[in-house]
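Engineer: Listed here are the chains, written in short residue letters.
Number of protein chains: 4
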Amino acid sequence: MSINVTVWGENVHEQTNDVVARIYPKGMHQCIAEGLNEAEGINASAVTLQDPEQGLSEATLESTDVLLWWGHAAHGDVLEETVDRVQKRVLQGMGLIVLHSGHYSKIFKRLMGTTCSLKWREAGERERLWVVNPGHPIVQGLGDYIELPHTEMYGEPFAVPNPDEVIFISAFEGGEVFRSGLTYKRGNGKIFYFRPGHETYPIYYDAQVKTVLKNAVTWARPEGSLWVDSCPNVPADQAPNPVEIKGESLHKPGEEGFK
Amino acid sequence: MSINVTVWGENVHEQTNDVVARIYPKGMHQCIAEGLNEAEGINASAVTLQDPEQGLSEATLESTDVLLWWGHAAHGDVLEETVDRVQKRVLQGMGLIVLHSGHYSKIFKRLMGTTCSLKWREAGERERLWVVNPGHPIVQGLGDYIELPHTEMYGEPFAVPNPDEVIFISAFEGGEVFRSGLTYKRGNGKIFYFRPGHETYPIYYDAQVKTVLKNAVTWARPEGSLWVDSCPNVPADQAPNPVEIKGESLHKPGEEGFK
Amino acid sequence: MSINVTVWGENVHEQTNDVVARIYPKGMHQCIAEGLNEAEGINASAVTLQDPEQGLSEATLESTDVLLWWGHAAHGDVLEETVDRVQKRVLQGMGLIVLHSGHYSKIFKRLMGTTCSLKWREAGERERLWVVNPGHPIVQGLGDYIELPHTEMYGEPFAVPNPDEVIFISAFEGGEVFRSGLTYKRGNGKIFYFRPGHETYPIYYDAQVKTVLKNAVTWARPEGSLWVDSCPNVPADQAPNPVEIKGESLHKPGEEGFK
Amino acid sequence: MSINVTVWGENVHEQTNDVVARIYPKGMHQCIAEGLNEAEGINASAVTLQDPEQGLSEATLESTDVLLWWGHAAHGDVLEETVDRVQKRVLQGMGLIVLHSGHYSKIFKRLMGTTCSLKWREAGERERLWVVNPGHPIVQGLGDYIELPHTEMYGEPFAVPNPDEVIFISAFEGGEVFRSGLTYKRGNGKIFYFRPGHETYPIYYDAQVKTVLKNAVTWARPEGSLWVDSCPNVPADQAPNPVEIKGESLHKPGEEGFK
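Protein chains in written order, with UniProt numbering: chain A, 1 to 259; chain B, 1 to 259; chain C, 1 to 259; chain D, 1 to 259.
Quick caveat, the hints were computed from the structure, so don't treat them as lab data. Mixed in with the good hints, there may be bad ones.
One copy or two, either will do: identical chains are not told apart, so a pair holds if it fits within one copy or between any two.
Here are the computed lysine-lysine pairs in the PhoX-like style, where the Cα-Cα straight-line distance is at most 25 angstroms [to be verified]:
# : residue 1 : residue 2
1 : Lys88     : Lys259
2 : Lys246    : Lys106
3 : Lys106    : Lys259
4 : Lys119    : Lys26
5 : Lys210    : Lys246
6 : Lys26     : Lys185
7 : Lys119    : Lys246
8 : Lys119    : Lys106
9 : Lys252    : Lys119
All figures in this text were calculated on a predicted structure; none of them were measured in a lab.
Turn these sequences into a full structure, and let the hints steer you where they fit.
Structural biologist: Dropping the structure here:
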């Protein structure tokens with residue numbers, strides 16, 4: 001059964017910046033989706049911030065196994081209710097792959113609970129992404145490292161919680177280092193942050209970057225069931241050991257809890 | 001040097017519910033602060049939601065080493081800007097102890113990135129909090145478990161990220177279990193979630209509960225420095241290996257990044 | 001493609017204890033393997049301590065995707081070289097499921113780095129294993145909890161490193177609690193510790209226990225590649241940035257490192 | 001109260017290699033201890049592999065708050081019983097700081113459960129250790145990075161379990177990267193792995209390296225109590241809820257469990 005992937009792009013610089021429009025004439029989101037569709041078993045389509053419901057309706061999210069997120073200039077335009085819908089689906093089990101400047105997206109900051117800040121420099125310098133664990137599913141098909149000739153630099157400290165796994169560490173021409181591939185689990189959703197992707201360089205045409213994204217989609221697909229949490233009251237007579245009610249209560253029988 | 005502690009209480013049921021008013025005539029926050037002040041080296045004071053700036057001005061937070069949070073009915077009244085201020089201080093290094101129904105507070109959900117939901121029952125049943133690691137600083141002075149004769153039940157699943165450490169696991173008279181003492185680190189701030197504390201039972205007068213809170217305050221005090229993160233640009237000529245700028249750029253020299 | 005599973009049993013009490021021989025006439029390992037073989041896509045066979053090379057030759061391990069381990073009385077008879085072989089395969093990516101008294105096996109202690117001790121009582125009491133995350137692949141097909149009418153009690157503190165995930169927490173009739181389903185990753189191997197399985201009760205005939213083991217086998221199967229680590233020297237002229245050798249050296253060119 | 005520190009050195013190359021003997025005439029262990037003793041509140045002394053009981057008797061370990069470990073050529077000469085004693089103390093709560101080639105020491109591999117392998121090159125190249133979290137107690141007094149002009153290279157993949165925190169990431173002149181400062185907790189013991197320290201370069205005279213070691217000693221000192229775990233039987237009549245014994249048993253009343 002194929003994996004349904006949605007690539008979300010903010011689609012701003014493609015419209016406003018000549019360099020970006022030239023490199024990604026169909027938009028970065030479309031380029032990323034096309035790269036994924038080269039893989040058998042992946043069925044990717046692209047949506048953008050300008051689409052109805054910001055491209056992420058309940059229906060779209062329900063049918064999405066893995067969501068990729070590329071945003072940069074328009075993080076502030078993403079509505080809280082859009083972020084609410086995405087977060088809910090991630091906690092249920094939808095995979096999420098956050099790309100490059102998405103470190104500052106509302107959804108990534110919401111799921112991390114931290115500022116997600118870092119150092120940066122835009123000088124078109126060389127980046128090498130070293131593989132920290134050659135056996136990991138996300139790095140299959142790569143060698144010791146990926147080399148990108150021209151990238152924006154991101155440097156530590158990267159203000160995120162300690163990840164479950166560090167997949168890549170980058171070394172930049174200018175000397176800085178960065179944890180450029182990180183995994184997390186939040187609820188039942190697998191999350192992968194992947195650093196490359198600055199819009200003024202043709203990063204998403206790179207064969208090795210495409211390999212990583214295909215691998216990551218497969219890794220992040222839902223396992224188990226799409227559990228929807230709630231906050232159920234368990235009546236005293238339905239406890240595994242039925243309990244006699246003692247003492248004083250705040251809530252009347254059957255009343256909902258505070259939220 | 002003493003540890004400066006602020007106990008935040010929403011102070012709602014103390015004003016509106018006769019049972020709570022009788023048990024905690026000065027308010028739960030005041031009772032908790034008085035318990036902490038029994039310890040040498042702790043200097044605790046209480047603030048409430050009704051105070052100016054919801055009790056948590058910049059100045060108050062700057063002078064707070066560890067913040068305790070008790071809320072239940074009024075989570076929704078806490079302003080986003082109050083949550084912003086508290087989150088910033090936690091990431092800098094202020095300790096945070098979240099009590100009982102604070103699992104659903106905005107600040108806890110913000111720092112966790114998950115829903116923080118659970119099962120519950122208000123039947124005045126017995127709870128035993130088993131010590132998972134007898135050597136941990138938070139449980140010094142306790143035996144194998146704490147027994148509370150009358151508590152509200154919280155049951156798994158508790159929808160939080162995997163903690164750094166599980167300190168207590170509770171078994172309830174009705175049969176349910178719950179991870180009732182959990183530690184996290186977010187930024188430089190140490191976070192301790194501690195389950196007991198339903199407002200219709202005199203939990204915060206219990207000697208063992210007071211011991212846990214005193215221990216937890218000492219454990220959660222800031223270490224290191226209060227680092228304020230930012231998102232600095234590192235100019236190409238100030239890199240450890242100075243870089244010549246290549247290719248095309250989105251940002252003009254000296255321009256700030258997007259947020 | 002089916003998952004190749006090897007069930008290792010020490011096969012001691014089956015031979016020496018009438019109760020165990022009556023409950024498990026073909027041995028516990030055989031019963032566990034037969035339970036797994038009920039699932040499509042799992043191909044399980046049993047080996048024992050008494051087999052050549054203690055049942056775990058290089059060839060057997062090479063063709064094993066997931067290994068289950070049941071031992072109790074004969075932990076001390078497992079040779080260090082057997083443990084070496086198993087550890088190496090786990091680090092490469094073979095899944096490992098450690099059952100019940102296997103908490104004290106050499107292989108589990110080796111992989112954990114801790115004593116793995118706990119409290120215990122053999123009184124045939126009731127155990128309920130509560131599901132901590134209903135969406136996890138290991139618990140699919142279960143309800144809120146598994147109830148076992150007669151089990152040995154294991155109680156906290158369980159002296160293991162903090163797990164990646166807590167899957168089950170048990171509550172015992174006598175009042176104790178225990179983290180009875182834990183996951184770890186070591187190297188590329190997924191590890192699942194599962195508590196039930198005392199040999200004087202027919203635990204491995206229980207339908208829900210069998211469901212957990214089938215789910216766990218699927219969860220623990222290798223992903224990615226079976227990476228064999230080593231400690232390679234990278235000569236100065238083969239570095240990504242070739243380096244001129246400076247200063248003094250301990251090793252002559254081409255010499256192996258110390259181990 | 002001062003922190004009692006023991007610096008363990010294998011003291012082999014100091015005796016057999018002219019370069020090492022010239023740089024560290026009193027031995028590396030002595031140099032490290034003298035650096036630590038510059039700090040108020042630290043009371044460090046050095047022991048070696050050649051001392052009675054390999055320098056690590058029960059009495060020495062009992063009075064040690066934090067142990068530093070430097071070994072390289074003689075890992076194989078450390079007796080299993082020495083490793084047993086050190087592991088037991090770490091699990092009780094003694095801090096452990098493992099230096100450089102100690103990644104391959106028996107005690108580090110025992111506590112990690114993995115091979116702890118890495119890439120290496122001895123070319124006297126430049127290393128920069130970037131600070132991943134400027135607020136962490138271990139990096140106080142440092143700038144953005146430590147620069148060492150001549151070091152041995154260690155490169156990823158570093159085959160260790162995912163750490164609790166990454167404190168430093170190194171970038172080497174030759175292009176490789178390495179997680180060069182990692183923290184773990186095992187039992188109650190805090191563990192810090194710190195990469196620098198090759199014996200043919202005067203690393204332990206470096207002011208910033210000394211700062212890190214002083215900070216790390218303070219960070220790793222025991223908190224809480226020195227809990228000694230065991231595997232206690234809890235008789236049925238002493239359970240919190242006394243249990244009537246049902247079914248059949250393996251152990252006779254009062255009998256010890258298998259180990």
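Engineer: Against each hint, give a clear statement of whether it holds in the structure.
Structural biologist: Status of each hint after checking the structure:
| no. | hint | result |
| --- | --- | --- |
| 1 | Lys88 to Lys259 | both (16 angstroms within a copy, 23 angstroms between copies) |
| 2 | Lys246 to Lys106 | neither (45 angstroms within a copy, 31 angstroms between copies) |
| 3 | Lys106 to Lys259 | both (22 angstroms within a copy, 10 angstroms between copies) |
| 4 | Lys119 to Lys26 | neither (30 angstroms within a copy, 42 angstroms between copies) |
| 5 | Lys210 to Lys246 | between (61 angstroms within a copy, 24 angstroms between copies) |
| 6 | Lys26 to Lys185 | neither (32 angstroms within a copy, 41 angstroms between copies) |
| 7 | Lys119 to Lys246 | between (57 angstroms within a copy, 19 angstroms between copies) |
| 8 | Lys119 to Lys106 | within (19 angstroms within a copy, 29 angstroms between copies) |
| 9 | Lys252 to Lys119 | between (53 angstroms within a copy, 16 angstroms between copies) |
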